Every structure is written in structure tokens, then in C-alpha cells.
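Asker: Top line first, the protein sequences correspond to chains A and B. So the first sequence is numbered by our numbering: it starts at 5 and just counts up by one. So the second sequence is numbered by our numbering: it starts at 5 and just counts up by one.
Don't read these hints as lab results, they were simulated from the structure. Each hint should be verified, as a subset may be incorrect.
Intra- or inter-copy, both count: the list cannot distinguish identical chains.
Claimed, not checked - In silico DSS-like pairs for lysine-lysine, Cα to Cα no more than 30 Å straight-line:
| # | residue 1 | residue 2 |
| --- | --- | --- |
| 1 | K125 | K35 |
| 2 | K128 | K138 |
| 3 | K63 | K132 |
| 4 | K96 | K138 |
All figures in this text were calculated on a predicted structure; none of them were measured in a lab.
Number of protein chains: 2
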Amino acid sequence: MAEMQHYFIEKTASINDQIILDGEIAHRIVKVRRSQVSDEIELVDAEHNAYVAVIMALKGNEVLVKVVREAVLNPELPVSSTIVVGTSKGDKNEFIIQKATEMGVQHIIFFNADYSISRIKSDKIDKKLSRYQKIAQQAAEQSRRENIPTVRLIDKLSELSFTDYDTRLIAYEEAAKQHEHSALREALTALRPSQRIIMVFGPEGGISPLEIGFLESKQFKAAALGNRILRVETAPLYFLSALSYQLEMS
Amino acid sequence: MAEMQHYFIEKTASINDQIILDGEIAHRIVKVRRSQVSDEIELVDAEHNAYVAVIMALKGNEVLVKVVREAVLNPELPVSSTIVVGTSKGDKNEFIIQKATEMGVQHIIFFNADYSISRIKSDKIDKKLSRYQKIAQQAAEQSRRENIPTVRLIDKLSELSFTDYDTRLIAYEEAAKQHEHSALREALTALRPSQRIIMVFGPEGGISPLEIGFLESKQFKAAALGNRILRVETAPLYFLSALSYQLEMS
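For reference, chain A alone in the conformation it holds in the complex (with noise of 0.2 Å):
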């Protein structure tokens, strides 16, 4: 049952293109996966259209491929999602980028929340940035997704807009304390296809009383993920998984 490998390209492919791979993905492709000649694999082309592709002749750090049908895939939500999270400890932002990833997810951006013990430093963003668009992409091969997520991040809630979005939540676990169990799910059934849903997540320490009334003057609701209490890199799991849940499941 191994799945096919998703790769993406950077130009546009048609069926019966011959096209020759080289670099990180070539590397990926005979190292990691020490794929073979006449296996077949999936590209993602710049038009995020996906071909099944076949291999032709492996070459040193090149692979030939030749683009043989279009691939069936519908791995995308039916809405935009976008987490905000609290930023926290470095190999916490990746596992949430990798695995939100996985999970479908459209944005991330990570913020200095008030009690974001570990914060990101204005010199460090470009560097950084790379490093996650990088785990983004890579996670959204490997789950075989048309998009790659985007990934900010940014000093304060206050640079954001809020005003495209149809839906806003607050994860915050004292709302199961309070019965707002029903506030998720409430949200979740009442979106279309196609809106627009953020839900922003505090960091370790949690989200300040500060935050909380400057995201409620912006529409947000607080909403429970279950009856745990869950860590900050397992909260926008529970949101991503209960999206597909709810949308893609019935």
C-alpha cells in the first residue's frame, strides 16, 4: 500500500511531456525514496494541476520522467483555513507546520503572544521563514496536497485583518470548563464551501485576558476542543481534523 510519491514542479506539464528533474527533488526521489526506473510518481505542476508521471532513465542527480495521465486527487478542504498560533519553542512551530499541513491546512502565522516565552526576533524572520516555507512544502508532498500552505509570522495580533474571514474562533480550553462544547461544532456546521475560518491558539503559557478582548472585539468566539487539555502543537490538530470531520467526512 505504499502510496505514490507527489512531487512539486515549478513549470507547467502536459501528458507526454518529457521532463528531467534535478536538484532537492531528484535527491528526494533516488536517495530517500530510492524510487526506480518505470515507477510511477505524481507532479504537481506551477498551475497546481497533478500528473501521474513515469520514470524513464535515473542519471546521477538527474531522473527523467515522462508525464503519462492526470492524477485524481481532491486532497484540499472545501473552505480556507487559516491557525494562528502563539509562537513557541522552534521544533514546536515546525511539528504544527508539518502535521497542520498534513491536515489540510491553507495559512499559518505565528504571533509573539504576550505569553510566548520563546519569541521570534525581527532579524530571524527571513531565515526562518524559509526554513518553515520549506517544511511546509515538504509536508504538502508527502500528504499529497494541490497547494502549499503559506506560513507568516508576525509581532502582534493587532497587524492582522480580520475582515475576510466569515468565521473566527479562540481555542481556549476554559471554554469546556464553562459548556461551551457546543461552540466548534456550531461554527463548523454553519460553514459553506468556499468561506473563510481562523482560529487563533494561545502559546504553552495560553492566551492572555488581553488578547481574549481584543480577539472578541474582532468577532472571535471561544470555542472548546474537547474535554482534555491539550498542548499547544496538538490544538490545531484537533481544529484540522474536526474541519475534515465535519466537511469532508458524510
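Add chain B to chain A, keeping to what the hints say.
Answerer: Relative to the frame of chain A, chain B by itself:
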């Protein structure tokens, strides 16, 4: 919003008891969480009762606490869930234990799947198991569970009896292509309180046709988990999130 910490003790407790905590628990209270005199913590006793206790004194490697009231918790899923996972590299297994515990799983079983590359060696089971059980305990404390999940390591699926389970599923990504999108939802909506559900997940290489055949002979049904390919360690989290969303969030 920092959450009250949650510790398991091996004796029974009652309101007004004064209890000395030492060893590992005291270490976590004093060194890891840096709790202070008059801070409140939560204790779950040997009979699974949860209490709030206040720290009276900290001395060397001992913490004196007084039990002040019962804690109001309802952190367990209303059904019993078992995940059976083809074993992968050790850190993936550990990740699954930690995250699945946070998400409310009751039983975790790893098995040497036909396509498992990294296998459980019989002479290492005891050592691995004690490490795995400890990860489950710490994650249960972190997420304020009342129960610690059990962890088992077995060689083959055929060692298990499935007669106790009301609902039996196989996580099978090919099911998504065959449009079996409704299998998970149908199974979860049919669950009644206190019933038992089991779901089997393949290792990195997937689940073999032989294993699928065996499980189908035991009345297991294939179910997709969304439209994307999930990594081994991500799929159980989708299942458990969906379980909580379906049963707790209404």
C-alpha cells in the same frame, strides 16, 4: 491561563489529608513546574478520584500538600477507544503515545506489521514497555486525565481477540479513493456511551493485503480519515479528534 498541574498518586486521598509527595512527582512540582507554597495542584488518587491540593511546604526533595476539595473534571471520552498501530521507529511510537493520550485514548497496542521496517524485538519488550508506559503517564498528567492509557507491544494482530469491541475500523487511505467517505462518520454516530471502539493503523509502509483480509474476517471495516495522506503518527490523532468532536462537542 496556565493550567493547574495534575499528578497521579498511588494511595487513596480524602479531603483534609496531608500528604507528603516525593521522588519523581516532587521533582516535577519543584524543579520542572517551579511551584510555590500556596499554589494549588491536582491529585488523582489510586481510586481515580481527582482532588485539588494546596502546597503547604517545600523541603529538599519533599512537598507537603493538603487536600482541600474534590476537583471537577470530566476528561475521559464517553467511550473506550483502542488504537492498534503497526510499529515504526521508536520516536514515532513515543509521539503517538504522548499525543493519543492527550486526545483521550484508553488503550494503545503496537504490533509488528507485515510492512513494519522497524520491528519490536521480543528481548526488548520489557524495557520499551516501561518507557512507553511512563510517557503515557506523563501525558495523562499533562492533559489532566483520570486514567492512564495502557500500552501493549505484540508480535502479530492474530494475538488479539476482537470480541469485546462494538465497532471495528481499519484506517485505510485507499478508502478515500473508493469514496468510502462515510464509513468513519457512520461508525462514530452509531456509538453509544461506554461502548468500545478499536481502530487499526498500518506502519509507514501501509497495511498489507493479508492484514486487511484478516481484519475483514474479524468484521473490521475500512474507513478513510479525510482526503489527504496522513503520516503514521498523524492518523490516530485524526481518529481521536473526530471521536471527541462527534461525542463530546455537541
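Asker: Hint by hint, say whether it matches the structure.
Answerer: Against the structure, the hints:
no.: 1; hint: K125 - K35; verdict: between (35 Å within a copy, 28 Å between copies)
no.: 2; hint: K128 - K138; verdict: within (16 Å within a copy, 37 Å between copies)
no.: 3; hint: K63 - K132; verdict: neither (33 Å within a copy, 43 Å between copies)
no.: 4; hint: K96 - K138; verdict: both (15 Å within a copy, 21 Å between copies)
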